[in-house]
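The primary structure of each chain is shown beneath.
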Amino acid sequence: MDWSAVMAETLKANGYDMVAYVPDEVADRLLELLRQEDSITMVSATREEEAVAVLCGAYLGGKRGALVMQGSGLGNSINAICGLAIGIQIPFLIIISERGRLGELNPVQTPMGRAAPRILEALGIQAFRIDKAEDVAATVEGATKLAFASLLPVALILSTALSGGKTWR
Amino acid sequence: MNRLEAFRRLLRLLDREPVIANLGKNCYDLFVAGHRPENLYTWGAMGSVSSIGLGLALARPDLRVVVLDGDGSLLMNLGSLATIASLRPPNLVHIVCDTGTYETTGGQATHTAGAADLAAIGRGAGLSHVESVADLGQFERAARQSLVEPGPWFIVAKMEGTATTAKVPRRPIYDKYRFMEAIGSL
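As you go down the protein sequences, you meet chains A and B in turn.
Per the numbering used here, the first sequence starts with residue 23, numbered consecutively.
Per the numbering used here, the second sequence starts with residue 7, numbered consecutively.
Please note: incorrect hints may appear among the correct ones.
Unchecked claim - Computed spacing ranges between beta-carbons, pair by pair:
1. B:PRO43 to A:SER61: 25 to 33 Å
2. B:PRO43 to A:ASP24: 41 to 49 Å
3. B:ARG18 to A:LYS167: 54 to 62 Å
To be verified - From chain A, some residues computed to sit far from chain B (all C-beta separations above 12 Å):
4. THR63
5. VAL74
6. ALA155
Honestly, the hints are just simulated from the structure, not real lab data.
We put the CB at the ideal spot given by N, CA and C, even for glycine.
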C-alpha cells in the first residue's frame with residue numbers, strides 16, 4: 023500500500039485547505055500528490071516556524087491546515103507553536119517524518135531524534151506514530167478530530183518503518 | 007514620522023480590513039490610534055506577523071489584509087519576504103514600522119539603524135511593489151494606493167518610536183474569537 027497516496031487522499035477527505043511545508047525527501051511524494059489537489063493551497067516555507075505562522079493565519083481566516091516537516095525542523099518551529107498556536111489555541115496537524123531514529127546515518131541528526139519525543143511531550147502536544155500504511159487513514163482522521171476538538175496542534179510521526187527513511191545521496 | 011499619527015491616518019483609510027500588529031509598541035499604538043474588532047494584537051512568536059498575514063491573505067482573498075510589522079521582528083523572519091514574493095497574494099499589505107530599535111526591550115539598536123536596508127532586501131526577495139516612505143504624507147499616499155491596487159505591497163516606513171504606555175488588554179484568546187467573528191471566519 024502506498025502510504026503517501028492514502029495520506030494525501032485522507033487529508034483531502036478531512037477538509038484540509040492548506041499545507042505548509044519545508045521540503046523533505048520522505049514526504050516528497052505526499053507533497054507532490056497534494057500539489058495536484060485544486061482544493062489545497064500549498065505553501066513552501068523557508069523555515070518551519072514560518073510555516074506554523076502561515077497555518078495560524080489561515081485558521082484565523084477559517085481554513086484548516088497541516089504542517090509537513092522533518093523531525094529536525096521541530097526545533098525551528100517551537101517559538102511559533104508556543105507563542106502563537108498553543109498560546110491562542112489554534113489547531114493544525116503536524117506531520118513529521120522521523121530523523122535521528124532507527125536507521126539514521128547522519129550523526130548530527132541523532133540529538134534531535136533523541137529529544138523530539140520529550141519535546142513534544144513537554145509542550146503538551148499529543149503525538150501518534152504511524153508504522154504501517156494500513157494505519158494511515160484512521161490515524162489522520164482521529165488526529166484531525168482530536169486537534170480541532172482540543173484546539174491544539176496534534177502530531178503524527180511517520181516512522182522509518184513506514185517510510186523507509188531517508189536515503190544517503 | 008510619528009507612528010501613532012501614522013496609524014491614525016491609516017485607520018481613517020480603512021473600512022473593515024483586518025489589521026495584524028506585531029508584539030509590543032505597534033500593538034499599543036494601534037490600540038490607542040483606534041481599537042476595532044478587526045485589529046489583532048499579537049503577544050509572542052516575534053517575527054511571525056508577516057507569515058500570519060500571508061496565511062490569512064491566502065485563506066481570505068476577499069479581504070485586504072494589513073500587517074503592521076517592526077524592523078526587529080521582520081529581521082527574525084526575512085525568509086517570509088521570499089515566500090510572499092513567490093506566492094504573490096494580491097491582497098496583502100505588509101507595512102514595516104522601521105524605528106531602528108528594539109523598542110519594547112528598551113530601545114537597543116537593530117541592524118536597520120546601521121547597514122541593513124529592508125526595502126532593498128524586499129526587492130531582493132522578489133517583491134515588486136516596494137515603497138520606502140519617510141513622512142506622513144508619503145505614508146498616507148502609499149497606504150491609500152496599497153489598499154486598492156493589487157499587491158503584495160511592502161511598505162517600509164521610517165518612524166520614530168513613540169512613548170505610548172497604554173497597554174492593550176491581555177486577553178489573546180478572547181481577541182482571537184473577536185477578530186475571527188469580525189472578519190466572518192467563525
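(request) Hint says 54 to 62 Å; check whether the CB-CB distance for B:ARG18 and A:LYS167 agrees. (result) 45 Å, violated
(request) Run the C-beta distances from A:ALA155 to all of chain B and say if the shortest one exceeds 12 Å. (result) At about 31 Å from chain B, A:ALA155 clears the 12 Å cut-off, so the statement holds.
(request) Using the beta carbons of B:PRO43 and A:SER61, state whether their distance is inside 25 to 33 Å or not. (result) At roughly 30 Å between Cβ atoms, A:SER61 and B:PRO43 fall inside 25 to 33 Å, so the hint holds.
(request) Indicate whether the distance between the beta carbons of B:PRO43 and A:ASP24 respects the range 41 to 49 Å. (result) About 46 Å separates the Cβ atoms of B:PRO43 and A:ASP24, which means 41 to 49 Å holds.
(message) For A:VAL74, is the shortest CB-to-CB distance to chain B above 12 Å, so the non-interface label stands?
(response) It is violated; A:VAL74 is separated from chain B by about 8 Å at its closest Cβ, not greater than 12 Å.
(message) According to the definition I'm using, a residue is off the interface if its beta carbon is farther than 12 Å from all beta carbons of the partner; does A:THR63 meet that for chain B?
(response) 5 Å, violated
Comparing the model with each earlier hint shows violations of hints 3, 4 and 5; every other hint is respected.
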